[in-house]
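For what it's worth, my numbering labels the leading residue of the sequence shown as 1, then goes sequentially.
In short, the hints are calculated from the structure, not lab data. Computed from a predicted structure; not experimentally measured. There may be inaccurate statements among the hints.
Here are the simulated DSS-like pairs of lysine-lysine, each with C-alpha atoms no more than 25 angstroms apart in a straight line [what the hints assert, rightly or not]:
no., residue 1, residue 2
1, K43, K109
2, K65, K97
3, K109, K65
4, K98, K65
5, K43, K65
Per label pair, the in silico range of CB-to-CB distance [to be verified]:
no., residue 1, residue 2, range
6, A84, Q42, 33 to 41 angstroms
7, D28, Y68, 13 to 21 angstroms
8, H46, S66, 15 to 23 angstroms
9, S66, E10, 17 to 25 angstroms
10, A60, D28, 30 to 38 angstroms
11, V113, I79, 12 to 20 angstroms
12, D33, N99, 28 to 36 angstroms
C-beta atoms are modelled at their ideal positions from N, C-alpha and C, and glycine is treated no differently.
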Amino acid sequence: MQIPMQRALEFNRWYVNQINDDHFPISDSGRIDTYVTASTMQKLRHAQDPRYADEEYYDADFFTKSQYIGDDWAQNVSIASYDADPVCVNVSITYGKKNPHTVIDCMVKENGVWKIQSVAARDNN
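Let's have the full structure, built from the sequences with the hints guiding it.
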């Protein structure tokens, strides 16, 4: 049985490597559905649909909360901290060592599997 911290770390390591390899998991891979809730994926795919491009605009990647991937991020993805509240288990994930960047993954159980429901930026870099 996996715990939410392990799932968040596993996802973020996989995701940042996908982006580094010029793959776009939201549109290119069904594997992302094993890590992210169905309702969140539905919203993200809707936002990427060209027919709805004017409705929503994101100036940063939804999962990294950044416009770029640091050159040392793929090799340095770690859990910074975690805590739980009545809504989700919040897992802080740090990318990189040179210029660390941290996001907070809100992890919930969907059909018995821990998945990301939302992501927040912890810092402004």
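Cross-check of the supplied hints:
With a C-alpha separation of about 18 angstroms, the suggested pairing of K43 with K109 holds against the 25 angstroms cut-off. A hinted pair counts as satisfied when its Cα atoms are at most 25 angstroms apart, and K65 with K97 qualifies at roughly 17 angstroms. For a cut-off of 25 angstroms, the pair hint linking K109 to K65 stands: about 23 angstroms separates their Cα positions. Among the hinted pairs, K98 with K65 is consistent with the structure: their alpha-carbon atoms are about 17 angstroms apart, no more than 25 angstroms.
The hinted pair formed by K43 and K65 meets the criterion: a straight-line CA distance of about 16 angstroms does not exceed 25 angstroms. Taking the beta carbon of each, A84 and Q42 are about 25 angstroms apart, not inside 33 to 41 angstroms as hinted. With their beta carbons about 19 angstroms apart, D28 and Y68 fall inside the hinted range of 13 to 21 angstroms. Look at H46 against S66: about 22 angstroms separates their beta carbons, and that is inside 15 to 23 angstroms.
Between S66 and E10 the C-beta distance comes to about 20 angstroms, which sits within the given range of 17 to 25 angstroms. Under the hint 30 to 38 angstroms, the C-beta atoms of A60 and D28, about 19 angstroms apart, miss the expected range. A beta carbon spacing of about 19 angstroms between V113 and I79 agrees with the range 12 to 20 angstroms that was offered as a hint. Distance hint check: the CB atoms of D33 and N99 are about 31 angstroms apart, consistent with the given range 28 to 36 angstroms.
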